[in-house]
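Once you've looked at the hints, dock chains B and C against the given chain A.
Protein chains in written order, with my numbering: chain A, 1 to 260; chain B, 1 to 270; chain C, 1 to 200.
Among the clues, some could well be false.
Claimed, not checked - Derived DEER-like restraints, expressed as beta-carbon distance ranges: (1) B:ARG165 / C:GLY76: 40 to 46 Å; (2) A:ASN138 / C:VAL178: 26 to 32 Å; (3) B:PHE264 / C:VAL149: 46 to 52 Å; (4) B:ILE20 / A:GLU130: 44 to 50 Å; (5) A:ASN152 / C:PHE84: 38 to 44 Å; (6) C:ILE132 / B:GLY214: 18 to 24 Å; (7) C:ILE61 / B:ARG165: 27 to 33 Å; (8) A:ASN138 / B:GLY113: 56 to 62 Å; (9) A:GLN129 / C:PHE84: 41 to 47 Å; (10) A:ASN106 / C:GLU150: 34 to 40 Å; (11) C:VAL149 / B:ASN177: 52 to 58 Å; (12) A:GLU130 / C:ILE23: 35 to 41 Å; (13) B:PHE256 / C:ILE168: 18 to 24 Å; (14) B:HIS108 / C:LYS156: 57 to 63 Å.
Hints are computed from structural coordinates only; laboratory data are not their basis.
Note that beta-carbon positions come from the ideal geometry of N, C-alpha and C, so glycine has one too.
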Amino acid sequence: MSLIPNTATLLVTILTMAAIALVGINRSKSGAWTPTIRRLAGLDAIEEAVGRATEMGSPVHYSPGIGAATDDSAPQTFAGLEVLGYVTQLTAKYNTEIIVTIRQPNVFPLAQEIVRQGYMTAGRPDMFQEDTVQFLSNEQFAYAAGVMGIMNRRHVAANIMMGAFWAESLLFAEAGAQVGAIQVAGTAAMGQIPFFVAACDYTLIGEELYAAGAYLSQDRVKLGSIAAQDIVKGIAMVLIFVGSLLATAEIDFLANLLKK
Amino acid sequence: MDFVSRLQNVDRRIIYILLILVTAVPMISPLNLPLSISPGTTEFFNIVDALEPGDTVLFSLDYAPSGAPDVHPIAAAVMEHLMDKGVNVVSVSFWDAGPMFGEQLMRHYEELGYEYGVHFANLGFVPGQETAIKRFGENVGTVSRDFRGNPVSSLPIMEGIKDTRDFALVIDFVAGNPGIQEWVRQVQGSLGITLLAGSSTVNVPQTMPFVDSGQVKAMLAGLRGAAEYELVMGKPGASVAKMDAQSLGHIVIILFIVVGNIAFFLDKKR
Amino acid sequence: MSISNDIWAWISALGMIAIFSFIFKENPVYRFCEHVFVGASAGYALSVNIKSIVDNAWDPITKEGKLSLLIPVILGILLYARFFKSIAWLSRWSMAYMVGIGSGLSMFGVVNSQLLQQVRSSMLPLNSVNNILMVFGVLSVLLYFFFSVEQKGAVKHGASLGRWLMMITFGVSFGNVVMGRISLLLGAFETILGNWLGLL
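Only chain A is shown next, with the shape it has when bound in the complex:
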C-alpha cells in the first residue's frame, strides 16, 4: 500500500491536528489542564444592552439564528443557545422581560429548556411564561417578518442575535435600528458579518461566537477544543512567518514541503 502522490504532508497535518485536539480535550476533561479563555468585549456589550432595556422598561429580543440543531450550522446554533442561557440569567437578575423567537422546530424545545433553566438558576422560575420562547415559522422570510413585527410592536430596547444567519440578517438589524434598540450580534456566517458590523452596536466576529459559548458555559470539552485550535493557529502563524523569511532569502523548501 502506498500513499497517493503529494498527500504525505496532508496526512501528517490531519493526524497532528487530530492529536492536538484529542490531547487538549482529554487533558481539559480530566482536569489535568485548565484552559482559560479571555473575556470577550461583546459579552460586556450584552450586559450593557440588558441594562439599557431594564432602564427603559422594555423587553429584550433574542434570536439564536435560523440554523437547525442537526445540520452544518448546528455549532453556531448551539453557541447561540449557550449565550441565550447567559442572557436569560441577566434578564432574571435585572427583572426584565426577554422574548426569544425561533425559526427551527428542533431548536424550539432546546431554547425553551435553556430559558427555563436560566430562570431557575437565577432563582426566578416564576418569570418563565409560555410565550417567552415563541416559534414563529420555519419559512425563512415568514420568520423574518414575524421578528420584525415583534420588534416594532413591543418596542424592544435590546436586540441580541447569536447564531447562524443568512439573508434576513440585515432586515433584523435594520428593524432593530429603527426601534432604537441596542444591538449585539454574533455569527460565523462570513457573508453576513459585514451587515451586522455595519448595523449593530457590537458584533462577535466568526469564531468569537464559539469562544463566547465556551466561555459562558465553561464546558471543559469546549474550552479544551478552543485552546487546541489556538495551538493549531499558532503553528500556522509560525509556518507563515518562517516561510516568508525563507522566501525572502529565496529558499522555498518549506513552501514546497506543503505541496507534498
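Chains B and C only, in chain A's frame:
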C-alpha cells in the same frame, strides 16, 4: 423635526425612486462613461483565448434566478468567445435551477446553426452538493443522461472524456454554495485541473483568496466582469450597456452614505 | 418602442413590477405574486429532483440492472422514517451516513485547500509593500482570534491591527453586496424596459 434629523431619516421611498430613476434612464439613453479593464479580466481572457479549436471546456452553472443577472452575463460573454473560437462547451450544474441557464445559453447558438451534442451539451443537474462535485470531478460518467434525456455516451462531444482533467478548462459560474469552494476543495486540490471562476459580486470576497493562491487561475466578478470581458473581446454588448446605470447607482448610494454620516456626526456633536 | 407580443415577456415583466410594489406598501398583488413565485420554484425543484432520481437511480436499476444502487436508495427512503414515531430512529442511520461522509470529505478538502495551500500562498518574500501587508495582515488577523491568551502589550497591538484589517474587508464585502444588488436591479430593468417594452 429639524434639518439634521430629517437628513438622518430620509423616507426610504425617496431613496428607492431616486435609485430607480438614475439607473433606468441611462439604460434607455447610455452616457458612454469610460470603463477600465482590470488585470484579472485580461488574464481570464488570455487563458480562454489560448484554447485551440476542438478543445472542450466545462461550465459549472451554479446559480439560480435570484443571482442570474449578476452571473449569467459572464457565462454568456465567455460562451460567445468560445463559440467564436470553435471551442466546445459542456455544462453541468450542482444547483437545481442551473440547467435552465445552460439551455438558455445553448438555444441561442442552436438558432445560429451550431449543433447540440457536437458543439455543446447540457448534462443537467447533479444532486448531492459537495459529494456530487467530488464524484463528478473524478468520474464524469456519473451522469448517464443529459438534460434533454439523451444517453451521455451517445453525444459526440463527450468522446474521450472520463474525468474533469479531460476538459481543457473548468469554469465555475457561481453565486454561492455549492460552488467554487467545493470545486477547489474536492477537485482542483486533488486532480489539479485548471479552474476559472465567474463569480457573483457578493461572492467575490470568498473567491479572492483562491485566486491569490493560484488555486483559481483567474476570476471575472459580476456584471462588471462581464462588461469588461465584452470589451476585451471587442464585442461590447448588453453588459457594457448597463455599466453607466451601475456607475450612477453607485454615485447615488455614495451620496446617501456621505450625507447620512455627516448628519449623524452633526447630530452627535449637538 | 415596440411592446412585446410574447406572453412570457408580459408575465415576467408584470410579475417584477408587482414584486417591486412592495417598496411602497405591502399589498395583495405583491402577495399573490410572492405565492406564485414560491409555488413555481417548489414545482420546478420537485420536477428537477424527480428527474434526477429517475436518471440516477430508477433507470440504472431497472434498465441496466445496477443493483448496488439499491443501497443508497434504501438509505434515502429511510430518511422519511422520521415521519413515523415508532420507526423514526431508522432515519438516524441515513443521517449518520451522510454526516460521516460529509465530514470525511470536507476534512480532506478543507485541510488541503483551505489550510495548507492558503498557508503556503501566504509565505511571500518580504520584498514589497503588498507582500509585507499581506503577510502581517494574515498574522494579525490570526492573532485576533487567539482566545486563550489575554490581549495585552504587543498581542493587543497586533490583534487590534487584525481587527482594523477585518473591518476594511467587511467594508469591501459590503460594497460588493451593494454592487451585486444594483446588478440585480439592472437585470430586472432589462426584462421590463427591454424584453417587454422594447425600449432598449
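Okay, the hints, checked on the actual structure:
1. B:ARG165 / C:GLY76: 40 to 46 Å: violated, 30 Å
2. A:ASN138 / C:VAL178: 26 to 32 Å: The hinted range 26 to 32 Å holds for ASN138 (chain A) and VAL178 (chain C), with Cβ atoms some 30 Å apart.
3. B:PHE264 / C:VAL149: 46 to 52 Å: violated, 36 Å
4. B:ILE20 / A:GLU130: 44 to 50 Å: With Cβ atoms ~46 Å apart, the hint holds.
5. A:ASN152 / C:PHE84: 38 to 44 Å: Holds, at about 41 Å.
6. C:ILE132 / B:GLY214: 18 to 24 Å: holds, 20 Å
7. C:ILE61 / B:ARG165: 27 to 33 Å: Distance hint for ILE61 (chain C), ARG165 (chain B) holds at roughly 29 Å.
8. A:ASN138 / B:GLY113: 56 to 62 Å: Since the Cβ atoms of ASN138 (chain A) and GLY113 (chain B) sit about 50 Å apart, the hinted range of 56 to 62 Å is violated.
9. A:GLN129 / C:PHE84: 41 to 47 Å: violated, 34 Å
10. A:ASN106 / C:GLU150: 34 to 40 Å: Given a distance of about 37 Å, which is inside 34 to 40 Å, the answer is holds.
11. C:VAL149 / B:ASN177: 52 to 58 Å: Cβ of VAL149 (chain C) to Cβ of ASN177 (chain B): about 33 Å, so the range 52 to 58 Å is violated.
12. A:GLU130 / C:ILE23: 35 to 41 Å: holds, 37 Å
13. B:PHE256 / C:ILE168: 18 to 24 Å: holds, 21 Å
14. B:HIS108 / C:LYS156: 57 to 63 Å: holds, 58 Å
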